[in-house]
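K.L.:
Spelled out, the chains give:
There are 2 protein chains.
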Amino acid sequence: MIDSRISLAHGNGGRFMRELIEELFAAHLGNPGLDVQADAVRIALPPGDVMFTTDGFTVQPLEFPGGNIGSLAVHGTVNDLSVSGADPLYLSLNVFIEEGLEVALLERVIRAVAAAAEEASVRVVAGDTKVVRRGEAAGLYLATTGIGVRPAGLELGLGRIGAGDRLLVSGPVGDHGTAVMLAREEFGMRGDLASDAASVHPLTRAVRDLPGLRFMRDPTRGGLATVAHEICRATGLGLRLDETAIPVRDPVRSVCEILGYDPMYLACEGRVVAAVAADRADEALARWRALPSGRDAAIIGEVRAEAPRVVLHTELGGQRILEELEDDPLPRIC
Amino acid sequence: MIDSRISLAHGNGGRFMRELIEELFAAHLGNPGLDVQADAVRIALPPGDVMFTTDGFTVQPLEFPGGNIGSLAVHGTVNDLSVSGADPLYLSLNVFIEEGLEVALLERVIRAVAAAAEEASVRVVAGDTKVVRRGEAAGLYLATTGIGVRPAGLELGLGRIGAGDRLLVSGPVGDHGTAVMLAREEFGMRGDLASDAASVHPLTRAVRDLPGLRFMRDPTRGGLATVAHEICRATGLGLRLDETAIPVRDPVRSVCEILGYDPMYLACEGRVVAAVAADRADEALARWRALPSGRDAAIIGEVRAEAPRVVLHTELGGQRILEELEDDPLPRIC
Numbered sequence: 004m005i006d007s008r009i010s011l012a013h014g015n016g017g018r019f020m021r022e023l024i025e026e027l028f029a030a031h032l033g034n035p036g037l038d039v040q041a042d043a044v045r046i047a048l049p050p051g052d053v054m055f056t057t058d059g060f061t062v063q064p065l066e067f068p069g070g071n072i073g074s075l076a077v078h079g080t081v082n083d084l085s086v087s088g089a090d091p092l093y094l095s096l097n098v099f100i101e102e103g104l105e106v107a108l109l110e111r112v113i114r115a116v117a118a119a120a121e122e123a124s125v126r127v128v129a130g131d132t133k134v135v136r137r138g139e140a141a142g143l144y145l146a147t148t149g150i151g152v153r154p155a156g157l158e159l160g161l162g163r164i165g166a167g168d169r170l171l172v173s174g175p176v177g178d179h180g181t182a183v184m185l186a187r188e189e190f191g192m193r194g195d196l197a198s199d200a201a202s203v204h205p206l207t208r209a210v211r212d213l214p215g216l217r218f219m220r221d222p223t224r225g226g227l228a229t230v231a232h233e234i235c236r237a238t239g240l241g242l243r244l245d246e247t248a249i250p251v252r253d254p255v256r257s258v259c260e261i262l263g264y265d266p267m268y269l270a271c272e273g274r275v276v277a278a279v280a281a282d283r284a285d286e287a288l289a290r291w292r293a294l295p296s297g298r299d300a301a302i303i304g305e306v307r308a309e310a311p312r313v314v315l316h317t318e319l320g321g322q323r324i325l326e327e328l329e330d331d332p333l334p335r336i337c
Numbered sequence: 004m005i006d007s008r009i010s011l012a013h014g015n016g017g018r019f020m021r022e023l024i025e026e027l028f029a030a031h032l033g034n035p036g037l038d039v040q041a042d043a044v045r046i047a048l049p050p051g052d053v054m055f056t057t058d059g060f061t062v063q064p065l066e067f068p069g070g071n072i073g074s075l076a077v078h079g080t081v082n083d084l085s086v087s088g089a090d091p092l093y094l095s096l097n098v099f100i101e102e103g104l105e106v107a108l109l110e111r112v113i114r115a116v117a118a119a120a121e122e123a124s125v126r127v128v129a130g131d132t133k134v135v136r137r138g139e140a141a142g143l144y145l146a147t148t149g150i151g152v153r154p155a156g157l158e159l160g161l162g163r164i165g166a167g168d169r170l171l172v173s174g175p176v177g178d179h180g181t182a183v184m185l186a187r188e189e190f191g192m193r194g195d196l197a198s199d200a201a202s203v204h205p206l207t208r209a210v211r212d213l214p215g216l217r218f219m220r221d222p223t224r225g226g227l228a229t230v231a232h233e234i235c236r237a238t239g240l241g242l243r244l245d246e247t248a249i250p251v252r253d254p255v256r257s258v259c260e261i262l263g264y265d266p267m268y269l270a271c272e273g274r275v276v277a278a279v280a281a282d283r284a285d286e287a288l289a290r291w292r293a294l295p296s297g298r299d300a301a302i303i304g305e306v307r308a309e310a311p312r313v314v315l316h317t318e319l320g321g322q323r324i325l326e327e328l329e330d331d332p333l334p335r336i337c
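Top line first, the protein sequences correspond to chains A and B. Be aware that the first sequence starts at 4, since it is given in the numbering used here, and climbs by one per residue. Be aware that the second sequence starts at 4, since it is given in the numbering used here, and climbs by one per residue.
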């Protein structure tokens with residue numbers, strides 16, 4: 004039986020590590036593809052273009068309203084595959100565990116990995132565990148690497164965006180950043196906000212075959228403003244965003260006003276930003292709004308043949324330049 | 004220009020992070036497949052069975068004779084693919100960096116990643132960077148995830164091992180563990196030992212088509228003794244090892260005697276253990292010995308229809324049971 008707290012011996016390649024892997028990881032993630040005895044696992048891939056991505060997770064606290072680092076690690080990589088146009092299929096999971104971590108917490112995280120993977124129809128087929136000294140790793144870091152397959156010939160990318168294209172977002176921005184921030188004791192605030200962390204695969208699958216779809220991205224670290232900057236930098240074009248059109252939940256707006264944050268820069272973990280040809284924007288919007296996760300989708304801006312900067316047109320008729328993020332307002336959000 | 008030390012802002016998704024990625028990671032790892040702007044990258048795969056694996060790296064110190072955490076992270080995952088019978092093709096790289104790490108050290112590590120990847124003919128096509136607070140991550144943790152392709156129908160595994168099969172090792176054991184140990188100031192010893200860390204792909208490719216090849220594994224954490232235990236546990240058979248046949252370098256033996264370590268349990272990072280049908284063992288040995296990295300290869304034992312334990316037959320005619328590793332003699336070795 005494994006103890007109630009993780010010790011360094013759980014990472015040494017011997018009996019304790021084997022028991023931890025068998026009783027915890029394999030028990031929850033177990034599937035025909037997860038062979039904890041093998042050095043590498045064989046994966047079957049359907050026809051199409053094979054897509055590959057990876058992401059690391061160091062969120063603090065490890066658990067927050069709407070999820071934990073485990074579900075976040077699955078959603079994050081599932082979403083990177085999804086916005087590339089792929090169907091996510093397989094994940095690997097790296098776990099860096101701090102000596103002394105409660106096994107019960109680790110188990111909640113691994114359960115959340117399993118639940119999020121099942122919901123997104125991906126399988127965790129490879130993994131590795133390292134245990135590090137007390138004081139390192141802030142409890143737990145994760146990394147997930149994903150493989151998916153997208154329809155052959157589907158081409159999406161920043162380079163395909165042109166002047167006149169419309170920008171859409173699939174739902175309210177800033178929920179994840181705000182929920183994690185409120186879960187930190189340092190802020191002394193509690194709200195009923197939950198992270199938006201979820202698979203965006205239903206959203207991306209709904210529009211990926213739409214002619215005129217140029218590019219999709221999930222606005223995580225640095226939020227919507229950072230995706231907007233990436234578009235300007237890659238295209239050399241300007242971007243006009245309409246502040247009144249950008250969906251922001253009231254509690255997110257209130258918390259941001261009190262604490263001095265700008266929701267444009269806060270991370271989402273279950274939203275998609277898409278650039279779509281002007282004459283297809285309404286159809287993309289309709290497809291998203293037909294889905295539960297897209298019912299608050301909106302057309303929020305337009306790419307313009309102007310200097311490459313992000314201009315926010317405000318409610319009162321003014322203009323505000325959204326600068327590129329420098330200092331991080333909210334570190335360790337994912 | 005990036006500063007001389009990593010700050011938290013290098014991990015926030017904004018300008019500092021972009022500059023770090025462009026000036027350091029992309030500059031060294033840059034290749035047609037590494038698109039630092041994309042959420043996921045398309046990879047081309049030749050025909051065959053697709054193999055997938057992942058590993059995390061927390062070695063201390065970060066640099067040691069014969070390598071650093073970067074080269075180790077490439078070799079480790081290349082080797083897990085290789086012993087499965089595959090040709091390693093693609094890697095992803097996760098980097099967890101401690102705030103305050105010297106950029107010069109990080110650059111040496113990334114250069115080593117690039118050099119080891121080139122040597123092994125794999126391409127680093129996806130990556131992610133996280134910066135964590137001072138005091139966490141002991142400077143740097145890495146994770147690498149690999150994709151390879153092996154000849155269709157090639158089947159290797161613990162389950163294929165039977166009584167009478169011979170066990171081979173491709174070279175001396177314990178070099179990596181000893182070299183890293185000596186690099187720790189706490190031991191106050193210096194030697195001319197270097198880690199054996201290297202790609203084992205030439206070794207595995209040389210024998211993977213040999214009829215009678217049952218199983219290959221690289222003896223990393225827990226060393227040769229741990230692979231031996233894995234064979235006994237999976238097969239329910241006994242394993243007899245011949246101590247005089249197991250290659251151990253003299254300086255490794257000396258250091259182990261002085262400090263009280265057993266080289267059977269020390270990590271290798273560039274060796275292969277193989278189980279081969281008795282009538283093919285000589286041919287496997289000859290193929291390995293024809294390679295520079297296999298010139299000290301040896302047949303070291305035999306699987307026997309006995310109780311599932313590892314019995315070491317010693318130089319003096321005695322027998323010693325090699326127990327399963329419990330406490331880790333040398334943590335943070337990989």
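If you are wondering where the hints come from, they were derived from the structure by calculation, not from laboratory data. Just to be clear, a hint being listed does not mean it is correct.
What the hints assert, rightly or not - Here are the simulated distance ranges between beta carbons:
#1 A:Ala166 / B:Arg137: 41 to 47 Å
#2 B:Gly103 / A:Glu189: 19 to 25 Å
#3 A:Ala107 / B:Gly103: 31 to 37 Å
#4 B:Ala30 / A:Ala107: 42 to 48 Å
#5 A:Ser7 / B:Glu329: 17 to 23 Å
#6 A:Gly162 / B:Ala281: 56 to 62 Å
#7 B:Ala118 / A:Ala118: 38 to 44 Å
#8 A:Ala107 / B:Arg307: 40 to 46 Å
#9 B:Pro154 / A:Pro64: 46 to 52 Å
#10 A:Gln322 / B:Ser7: 36 to 42 Å
#11 A:Gly103 / B:Thr317: 37 to 43 Å
Claimed, not checked - Just a sample of chain A residues kept apart from chain B, beta carbon distances all over 10 Å, derived:
#12 Gly14
#13 His31
#14 Lys133
#15 Gly160
#16 Asp253
#17 Pro295
Virtual Cβ for every residue (Gly too), placed ideally from N, Cα, C.
K.L.:
Which of the numbered hints above does this structure break?
P.N.:
12, 14, 15
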